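Engineer: So the sequence shown is numbered by the numbering used here: it starts at 1 and just counts up by one.
Hints should not be assumed to be uniformly reliable.
Said to hold, decoys possible - Here are the computed lysine-lysine pairs in the BS3-like style, where the Cα-Cα straight-line distance is at most 30 Å:
1. Lys199 <-> Lys44
2. Lys107 <-> Lys44
3. Lys74 <-> Lys152
As the list claims (entries may be wrong) - Between beta-carbon pairs, the in silico distance windows are:
4. Gln30 <-> Ala245: 20 to 30 Å
5. Ile182 <-> Ala64: 38 to 48 Å
6. Glu142 <-> Arg37: 47 to 57 Å
7. Glu33 <-> Gly134: 20 to 30 Å
None of these hints come from the bench; they were simulated from the model.
Only a predicted model underlies this, so the values are computations on that prediction, with no experimental measurement involved.
Just so it is clear, CB atoms sit at the ideal spot from N, CA and C, and this is done for glycine as well.
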Amino acid sequence: MVRILVDTSSDFEPEELRQRNLEYIPMPIQFGEESLRDVEELSKDGFYRRLETQYPTTAQPSPAEFAAHFQAAKEAGDELVAIVMSSALSGTYQGACLAKEDVGYDKVYVVDSLHVTTGARVMTDYALSLRAQGRGGQEIAEAVRALRPRVKLYAAMNTLEYLYRGGRLSKTAASLGTLANIKPQIHISDEGKVVITGKSIGQKRAIDMLVERVEKAKLDPAFPLYSIYANDPKGRDMMFEALRAKGYEIAEKNSNNLGPTIGAHIGPGATGIVFVTAE
Numbered sequence: 001m002v003r004i005l006v007d008t009s010s011d012f013e014p015e016e017l018r019q020r021n022l023e024y025i026p027m028p029i030q031f032g033e034e035s036l037r038d039v040e041e042l043s044k045d046g047f048y049r050r051l052e053t054q055y056p057t058t059a060q061p062s063p064a065e066f067a068a069h070f071q072a073a074k075e076a077g078d079e080l081v082a083i084v085m086s087s088a089l090s091g092t093y094q095g096a097c098l099a100k101e102d103v104g105y106d107k108v109y110v111v112d113s114l115h116v117t118t119g120a121r122v123m124t125d126y127a128l129s130l131r132a133q134g135r136g137g138q139e140i141a142e143a144v145r146a147l148r149p150r151v152k153l154y155a156a157m158n159t160l161e162y163l164y165r166g167g168r169l170s171k172t173a174a175s176l177g178t179l180a181n182i183k184p185q186i187h188i189s190d191e192g193k194v195v196i197t198g199k200s201i202g203q204k205r206a207i208d209m210l211v212e213r214v215e216k217a218k219l220d221p222a223f224p225l226y227s228i229y230a231n232d233p234k235g236r237d238m239m240f241e242a243l244r245a246k247g248y249e250i251a252e253k254n255s256n257n258l259g260p261t262i263g264a265h266i267g268p269g270a271t272g273i274v275f276v277t278a279e
């Protein structure tokens, strides 16, 4: 049996985790002195309600949490593929690697997604499809790593303040988001970092720029388009309309609301697109 483990930055809903037989590591979200576990103690709705009055921070899970899953797989004689958030944005990957060393089990395969949220979700969906085909853990991990550079995420932001306060952008870069009606565009680079790719005046132009990213890309037809949004679906709905006008569709099941782990660094109102390019 091949187990697949994710951290909650991949933004699967609790019911999806159960239905897809995914193991998960809850990421800690802190509001002041209070620490809450993503998914288990803090829902997406609850997070955004608190975000209206409090600024959150995030922490990485302990290696011991990973070790518990790895040890369980070892005792059962199972393989385990762990797909975790970008090592350029969190120490989660390093913690998982330490846990693997402590457990001493070579049938655990830790994959640095070099992505966050739906970028990691695309890789997880792919891993699940390979598991359903009867592929082994090592083969799944290698295939996910091969897919990784073809997964692209672009987003239009309402503000860069959360990225700056979370240490993911410099103050100079974040100042772009303070200009009136300017919508910064970000991208997850091949190195797994958040980079600013442009700016637009107004939400409509921001959405048009996201659609242009899709039009210019050579898409892999084996993978669907995904959308992401942060609590407010208005921008997502505008993007759906703009995509349909160009002959593209996104299924409702592939539209994902950002959860607490990533929402803490993005803030409300962002809209994004995720796709896979052809080889």
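Engineer: For every hint, state whether the structure bears it out.
Structural biologist: Verification of the hints:
1. Lys199 <-> Lys44: Cα-Cα ~28 Å, so holds.
2. Lys107 <-> Lys44: Violated, because 33 Å separates the two Cα atoms, which is more than 30 Å.
3. Lys74 <-> Lys152: 34 Å, violated
4. Gln30 <-> Ala245: 20 to 30 Å: Taking Cβ atoms as reference, Gln30 and Ala245 lie about 42 Å apart, which means the hint is violated.
5. Ile182 <-> Ala64: 38 to 48 Å: 44 Å, holds
6. Glu142 <-> Arg37: 47 to 57 Å: 31 Å, violated
7. Glu33 <-> Gly134: 20 to 30 Å: 48 Å, violated
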